[in-house]
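Sequence lines, in order, name chains A and B. Going by the numbering used here, the first residue of the first sequence is number 1, and it counts up by one from there. Going by the numbering used here, the first residue of the second sequence is number 577, and it counts up by one from there.
Because the hints were derived from the structure by calculation, they are not lab data. Do not take every clue at face value.
Claimed, not checked - When the alpha-carbon atoms are kept at most 30 Å apart in a straight line, the in silico DSS-like pairs for lysine-lysine are as follows:
#	chain 1	residue 1	chain 2	residue 2
1	B	K618	B	K606
2	B	K697	B	K606
3	B	K606	B	K591
4	B	K878	A	K350
5	A	K77	B	K618
6	B	K591	B	K697
7	A	K350	B	K711
8	B	K697	B	K793
9	B	K754	A	K350
10	A	K350	A	K77
11	B	K754	B	K695
12	A	K77	B	K606
13	B	K711	B	K635
What the hints assert, rightly or not - Computed footprint of chain B on chain A, listed as stretches where at least three residues anywhere in the stretch have a Cβ under 8 Å from a Cβ of chain B:
#	region
14	59 to 70
15	505 to 511
16	548 to 561
The beta carbon of each residue, even a glycine, is placed where N, CA and C say it ideally should be.
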Amino acid sequence: MNTTAIPLQKVSDQLPRRKQARRNGRSVASATLDEVREALGAMPLRRDLLIEHLHALNDRHGQLRSDHLAALAQLLKLSQVEVYEVASFYHHFDVVREDAQGGYAAAPKLTVRVCNGLSCELAGAQALLAKLPALLGAEVRVLEAPCVGRCEQAPVAVVHQRAVPKADAAMVQALVEANQRGDNLPDAIDMAAYQAQGGYRLLRDCHTGTRDVESVIKTMEDSGLRGLGGAGFPAGRKWRIVRAEAAPRLMAVNIDEGEPGTFKDRHYLERDPHRFVEGMLVAAWAVGIDRIFVYLRDEYHGCRALLERELAALRANPPVPNLPEIELRRGAGAYICGEESAMIESIEGKRGMPRLRPPYVAQVGLFGRPTLEHNFETLFWVRDIVERGPQWFASHGRHGRHGLRSFSVSGRVREPGVKLAPAGITLRELVDEYCGGLPEGHELYGYLPGGASGGILPASLADIPLDFDTLQPHGCFIGSAAVMVLTKSATHIDRAVDAARNLMRFFEDESCGQCTPCRAGTTKTRALIEHDRWDTALLAELSQVMRDASICGLGQAAPNPVDCVVRYFPHELGAQ
Amino acid sequence: MNKPVDFIEFSLNGKTVAAAPGETLLNVAKRSGVRIPHLCAKNGLEPAGNCRACVVEVKGERTLAPSCCRTPTPGMTVDSASDRAVTAQKMVLELLTSDAGVASAEHTHESELLFWADKWKVPRGRLPGRAPVAKDASHPAFEVNLDACIQCTRCIRACRDIQVNDVLGLAMRGAHAKIVFDQDDAVVASSCVACGECVQACPTGALMPARGAGLAKIDREVESVCPYCGVGCQLTLHVGHDSQGEEKIHVVTGRDGPANHGRLCVKGRFGFDYVHNERRLTTPLVRRAGVAKDPADIERFKRGELALSALFREASWDEALDLAAGGLARIRDTTPPGTPSRLAGFGSAKGSNEEAYLFQKLVRTGMRTHNVDHCTRLCHASSVAALLEGLGSGAVSNPVEDVAQADVILLIGANPASNHPVAASWIKNAVQRGARLILADPRATPMARFAQWHLAFRPDTDVALLTGMLHVIVAEGLVDEAFVAARVNGYEAVKASVAEATPERMAEICGIDADTIREVARAFATSRGSMILWGMGVSQHVHGTDNARCLIALSLLTGQIGRPGTGLHPLRGQNNVQGASDAGLIPMMYPNYQRVVRDDAHAQFEAMWGTPLGREPGLTVVEIIKEAAAGRITGMYVEGENPAMSDPDLDHARAAMARLEHMVVQDIFATETAILADVVLPASAFAEKWGSVTNTDRLIQIGRPALKPPGQARQDLWSIEQVGRRLGLGWNYWRAEDGDGHAAAEAPTARVYEEMRTVMEPLAGVPWSRLVREDAVVTPAEREDQPGHAVVFTENFPTADGRATLVPARFVAGPEQPDSEFPFVISTGRVLEHWHTGAMTRHADVLDALAPVPTISLHPDDAQRLGAVHGGVLRVESHHGAIEGVADVTRAVNPGHLFVPFAYWEAAANKLTGSALDAFGKIPGFKVTAVRAFALPA
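The task is simple: from the sequences and hints, build the whole structure.
Have a look at this one:
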């Protein structure tokens, strides 16, 4: 008999196999969908509102559970990854995945954040960070946070959303024990008070034809006002450019004040919000815009409540007919979203990754439309400039420079805070005339003229004018005019190397990760400068590629502190 | 010199060059012979500009510019070779190499990163590397080695912009930025459909075929076509030797064919290894004397309880062929003259045009009967019946790709995301571009996410939904009167028949509210271009022809046909359904749809084939099985078909086949059908033969052999001819010089093709030589020197008067109605990984590992009522039979509705289905069977 073996059925066993019924990724239970619907409330299911949806979930549950994210994706007709990649991009979202049993670890009862910005570190943030966990117990989560924009109050802690100025451990403990977690509503000039002082008259004049568009734009141009977010593009010219683009045009307002050391926008917003709102509405009128998006950094909880209240008041009692639609959007913890195109992406509900330019946002911006994008403070000055005339603003200035600048001064000065001073003022003048000088026994050692990215200058360069364009020859820039002062005394020295390490950690954390020079460059640079001895030649090569080839200003400016250490503080490197 | 005005002149590395509008600096440089390193840029993908390896210096600009994203302006001065540019390029490469270089070298021989790093002499070892990154080898098809990842996002763009599966993304940020699947899940647990587009896109080996397949040495690359669905993707088979020295297909990649443009799906890319499966038939088999045919043997064999050698003995080819043909001849010759033939043949839409043509010729001339059919009967017979009746042609009017030009796409009763994945990607691309998708399907298939309207109507109420839409179109004056007047007959009859079908009335039947019916009817009627694509969800009903008639009416009344971006497209399920039907593998028609009953056709083929032919149409698939059950069909030749899985009312069908006096099965595996055979002939897989196939778009393409069949397996064409010769046919297609029938040969294939072409007008301009030269020609193509017609019916319809004819349809409830005893409705269908009866895919290791168990989908609410849990065992019973499968609890089905794929012998879905037929297409109602369900204890 023919007995050729014909093999029996055999399961191929070297392959990984799905154990059971195929799941198309996570499935969504009805109850989970209901939980998400409940958290979203009446919010429209629009893709551009994704970050708002995530906030709603994160606020309600103290975390973003993967089953909730899957359910949210289903409601928005998005794939899971489209939700997850956004959720995981922003530091303020606590994304948690299911454990092996499908359950979730409980969210921390409370989170305390301690600002690790340079000014807060100078004021002892690290000591505070070291003390708090033991003091507050295991149920309270203590995190380091990048600059929270309260540098004049350093060191700063934040209990959930409640900012603690000049924090010490006992104050934080007391607030935690009292469960005081909401931010204070700033005591600002409200709608009625603002109108009583003549507010919105300018806007009405514009709408009634008392003022014409051309003259208002001309006034803005003649004032020489430049964008006060850091890039310094002439404001009037920007209005003219966007106005020439095809309608519908949009406006995006940047209050994502995240540059370490900067707190001027918060300062003005907390005091006089309607001056900004009126400027914004005048700009919208002049450029022909009927939809405005205001992007406010998440850390400014009090400001958000204030702005919500005052915008509601404005809508309830509009000073002019046909008010543009104003949407207030909440950031979620991402420095990069202060970059204009990253902010636009974020407003669209996406990861805050800068766009390649061209095209410029004035031509192709939010939702693909021509977009007028402004920093808060730029709009804040519109009313004064138009009412008082262009020369009012231009007439200020020192050392051949023109205009006014709002310096956010922090670090080692007696009276830190926002100082409205003439453009072109020197550091020494600023400290002496506006900040009460240096603390007793301190000697100027160096300063940061423009936040984390503007570089570090030595005391020997304390007499150069501070303005746009004046610091480039020195390898620095003024940016948002965030001045941080370093000193030395008999007992301390604020080493530039330490500052550079602090700043490079910040850039590494805040890089969006899109382009190689910034993503890998910040990481490698940070690792290299942790060594006692620096390979300055290699660092210079890294600096060059970051400056030349990064997509946006973050990567292009990130090497500034390192280059400045090498250039101005070589003794620190040699001395190690 | 006259230059076109729209070219942009600029300076590149000191030379004046010209760019076409929109052309990037990188592309101009490539054209001009200037090398610039680049990693994130890839032809066919949107530029991202994130790797920065391609930065160049543009005079007057502060920073360097990514040449992959920048277009020149007139007079721009660009330098890619300046010190500054090259320094940046090198440092970018050094940064990436410091993180991914070592791993990239391990995972691939074709690392683009290392290619450029070597070319640019990038220093190594100066920068700290990154922390170790874990590998994800959870998926059977491919592995994820993020240690070689450079975050260039080519995979993400492939996944999201090209295939629109939206599984891959970039999560976290900064140095933590990471390519993730879903929510950073293991690939195998994610919603990844393993199309492999990301693997094809990855430049560093971070995504690679599993188990080192991508590192194998490749000796030959064979350009061919995918053997699975009707989309007809062109692909390249990469052949090398395995460790035993056997030739093997190691990897499959997509080719830029007209239907796929480089895209593939999991079956096409990772499902090729069935050809190497150890269970391939390698020797002719003959049933052992005294071993009776028992349908129960099928599952015994499948479960491994019964060896094939217990049923069959090995035989020589001569003995097997003599027995095969002898049995058929005996029945043929003992049938009393004047009585119906007792023979029948099932060909296959999985074979080539040449095999289909030769097989039907064999049955008609050698077995002397028109009882020849194939599984198109079970797929689109009703669609074809309606199309032939209405338009005079059963083929599609427009190719799938035309969705790119459509404004509204009506996708009804089709799940292309599973069954035609590359076609689905074109639809999803169209939606991304702004087209509006109407998905009409009781199930929330993956396409639902892209639909502006998902009409989850009650199963079996298609006619109600569609006549409701027609009512709106007539009532609201949305009829294209000029088009109807010029090109359509029968408008008044349809108008009268839909007069009562108000949206309100139809809403009650189909469950879609009246306003939505109005909205979609308006959108369809008024758009610039509306295209209809449908699948088995329309055709596999006892009123499938009526369903298709309604779609035809929708298209014709609104004038949405005869232009790009419009028309009617029944999505063909198998690689050669269109071609097999064209070639005459159907009982009522000769090749090219010449009706058997027509005198002229009869005379033509009698003359051509030189033999008397019958005048009555033959029986269809289900009719043949019914006759077999009744003992009136006693002999069959089954080539490449698996009716013991695909036919309805399977217990009955298997019993009928077991009753046959003589059955010959020719296949590559011992299929369920083969278990009931008398003689089994081992056949050749698609990758082992020459042959042409015609896709769903009427595109005829060429398949080339990459391998020899295993053992003594022979070419199908050779075997058919050998049986034919033994039935007395003096055929001489396969000649001595073409070999012994084992290895593929082009000449006999070309001979059969050319004979077929003499009766195939659409192929008039496509001689074999052109097909081999061009790989793909769309038909009809009248002239050899011109392309064929992708869009047809532009001027008139291929009917006697050149006009289309509408046939009214009214909603009538089908025979399978749920009641208190059988409260659920079950639909049969397919899953992404398995094709058809699973004869190929269940033998493809990767595909079977991905979808190893039969699932029965049910809604969470029903699961709760039945006490069923996801992954538990569910028993389903109908009037006809019962199966047990694994519960898949999902919201994709509505309450009261179950879904079961028919690829699993363990839970053969067709045990449940009934054999009631559509009156016109003779297709069974696979989509609707009344059942009851129970959860079984674990």
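Against the structure, the hints:
no. : hint            : result
1   : B/K618 - B/K606 : 12 Å, holds
2   : B/K697 - B/K606 : 20 Å, holds
3   : B/K606 - B/K591 : 14 Å, holds
4   : B/K878 - A/K350 : 51 Å, violated
5   : A/K77 - B/K618  : 29 Å, holds
6   : B/K591 - B/K697 : 25 Å, holds
7   : A/K350 - B/K711 : 28 Å, holds
8   : B/K697 - B/K793 : 27 Å, holds
9   : B/K754 - A/K350 : 16 Å, holds
10  : A/K350 - A/K77  : 15 Å, holds
11  : B/K754 - B/K695 : 28 Å, holds
12  : A/K77 - B/K606  : 40 Å, violated
13  : B/K711 - B/K635 : 44 Å, violated
14  : 59 to 70        : holds (count 3)
15  : 505 to 511      : holds (count 4)
16  : 548 to 561      : holds (count 5)
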